[in-house]
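I would like the entire structure built from these sequences, with the hints used as guidance.
Here is how the chains run, residue by residue.
2 protein chains.
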Amino acid sequence: MPQPEKAVLAIDAHGGDHGLSVTLPATLSALQQDSRLEIRLVGVLDQLEPALAAQGSLEQSLASRLHLHAAESALPMDVTAIYALRKGEGSSLWAGIQLVAEGAADACVSGGSTGAMMALGVRLLGMLPGIERPVLMAYIPHADGFTGALDLGANLSVTERQLVQFAVMGSLTAEKVDGISNPRVGLLNVGHEESKGHVTVQAAHGLLKEMPINYIGFVEGNDLYSGKVDVAVCDGFSGNLILKASEGLARLTISQLRQAFSAGLSGRLGGWFARRALKRVLEGLDPSAHNGAPLLGLRGVVVKSHGHADTRAYTQAILEAGQAARKELPRRIDSLIRQYNLEA
Amino acid sequence: MPQPEKAVLAIDAHGGDHGLSVTLPATLSALQQDSRLEIRLVGVLDQLEPALAAQGSLEQSLASRLHLHAAESALPMDVTAIYALRKGEGSSLWAGIQLVAEGAADACVSGGSTGAMMALGVRLLGMLPGIERPVLMAYIPHADGFTGALDLGANLSVTERQLVQFAVMGSLTAEKVDGISNPRVGLLNVGHEESKGHVTVQAAHGLLKEMPINYIGFVEGNDLYSGKVDVAVCDGFSGNLILKASEGLARLTISQLRQAFSAGLSGRLGGWFARRALKRVLEGLDPSAHNGAPLLGLRGVVVKSHGHADTRAYTQAILEAGQAARKELPRRIDSLIRQYNLEA
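Chains B and U, in that order, give the protein sequences.
Per this note's numbering, the very first residue in the first sequence carries number 1177; after that it's consecutive.
Per this note's numbering, the very first residue in the second sequence carries number 1177; after that it's consecutive.
Read the hints as simulated data drawn from the structure, not as lab findings.
Just so it is clear, CB atoms sit at the ideal spot from N, CA and C, and this is done for glycine as well.
Be aware that a few hints might be false.
[What the hints assert, rightly or not] So the derived label-pair ranges between C-beta atoms look like this:
1. B/Asn1358 <-> U/Glu1278: 31 to 39 Å
2. U/Gly1306 <-> B/Ser1464: 39 to 47 Å
3. U/Ala1319 <-> B/Arg1262: 35 to 43 Å
4. B/Lys1263 <-> U/Gly1382: 53 to 61 Å
5. B/Met1253 <-> U/Leu1445: 39 to 47 Å
6. B/Ala1230 <-> U/Gly1321: 49 to 57 Å
Structure below.
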């Protein structure tokens, strides 16, 4: 295997529910797993320094690739986009994205508020020409892997060109970041038949057939879980409802299973005997099984981690950001959008 | 309890995957459970008569309330709306809805194709004034009951007035048919906050606050499974995607659970000990746990049964149709729509 290129990542030390207690061990773990990664851990030095000291002395090969970068404050988890724009300067998220804007980092990772990340991404990095708002791609777990789904809430009403942009960005991400060769891309609709759907999906369907991606046509809601596509595209309004409904159903099922296998002697015995099988089913239902959702359409790489990610999950998001940075995802997206005149 | 009023139902004997082997026993069961019900079982007499004879002699109290009504043919299960309109005359579905149109029945129940039912409902009964297309209300099972959700696919692009119509129709159905007093109605959106959503949901939100229903505001996708609302309203495009995605996830989970508890000795032992608890969880995941989805907005009562309904489920749809007929659901909907000038 060829040596990977060097990549420099800015990690928001304070983003996410668990702050430094997750971001620091995840940073060390990512540095260990990827020897050409360099990390700028961005946060309040008064907190970063003692936390780092508590890790004991690091191997030289790790220590030389880890730099602390000072920020004045940490944004609260539930911060709005407007608050982040008005009061966010000096925060670890702002400083992390600023490093990307200045070319001092190739990508930024944070587990902070999605709204704040989008707002600061747009403000500090800017959008690629012809793309109106950043698009968040989420990964939905199914029996054999994940379906990438976008958009999930930023773009509530979309044009056919935006749907095509989502498809192109999703396809490039699945291929370059997730390593899926020739990813199958579908357009979510109320039926598979050519005649189905409203005018916008009909128009997007026509455009998508001409695109240099593996577009397989209309897919339905259940195909998110059937493994039929690698990337599923829809407007942000439907996407948000679908994702949250699925999360709601998954949480309900998890709680009912836990209840069923803790109530009564036979339930508890059943749970004990089947604990391994049960664990797999519960893990499969976990909507955060795949961590690291790229914000697509920006002039730089920003990757969102789940707020409640643990060290293993946060490490996954960091490694994914390294991959997106090395593959120059924004440049590739920009090139396809311009080549096919897909400006919205 | 006051004696219920008489209600006459037309049952499509051939609708659904199992045809007469489900519709006939369900008809007899419904007649037994509801002593003021009268049923016209609509189908091909050459098939109906021997099937009925095979049941042995019926009690007089049942036999006197069951009438066979001749149709020439049965529509295939996967029939399109256009086929039903062009070639459906003489079919059991057409004849059943025709009985409602003529006033010879108060409601029609079928497990046939949704598209065919909608098309023939519009053609033979007509829409209530100001309503453009029939709306299908589905019931989504959650921990403590069901959330009624509409629309689910007939109305892909909606106006704010249509969303308000859906809310009014859903509220009346939940109250009059399902017996929920003061049902809580929510509008599906990408967030709870007043500022969220696109212009159509914003406008609908404003109108809904003025309506004589228990409108609780915006709800999110996960609230379909939280028990926070009795009725959730959205456009048919999103509704269809949500419903099918949930069905996809439920089917995947059911198959993974079955697999987990049949693989290996410990899995099988676990499944055996926890079989009762497991059965409850699996039943809770079954999207067809509640059978009987009313087609709202027509000038008569038409209730859709799941195609794969068994006798118990089909009986439920029949009893629900009886309730909708007695409560004069179309008249009540019409009255509210006119009173509040909600014509689309």
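Taking the hints in turn, this is what the structure says about them:
Restraint check, B/Asn1358 to U/Glu1278: a C-beta distance of roughly 58 Å breaks the suggested window 31 to 39 Å. Separated by about 45 Å at the C-beta atoms, U/Gly1306 and B/Ser1464 satisfy the suggested range of 39 to 47 Å. Between U/Ala1319 and B/Arg1262 the beta carbons are some 41 Å apart, a value that agrees with the proposed interval 35 to 43 Å. Here the CB-CB span from B/Lys1263 to U/Gly1382 is close to 31 Å, at odds with the stated 53 to 61 Å.
Judged by the Cβ atoms, the range 39 to 47 Å given for B/Met1253 and U/Leu1445 holds: they are separated by roughly 43 Å. At roughly 50 Å, the beta-carbon separation of B/Ala1230 and U/Gly1321 lies within the given 49 to 57 Å, and the hint holds.
The structure fails hints 1, 4 (numbered hints given earlier, in ascending order).
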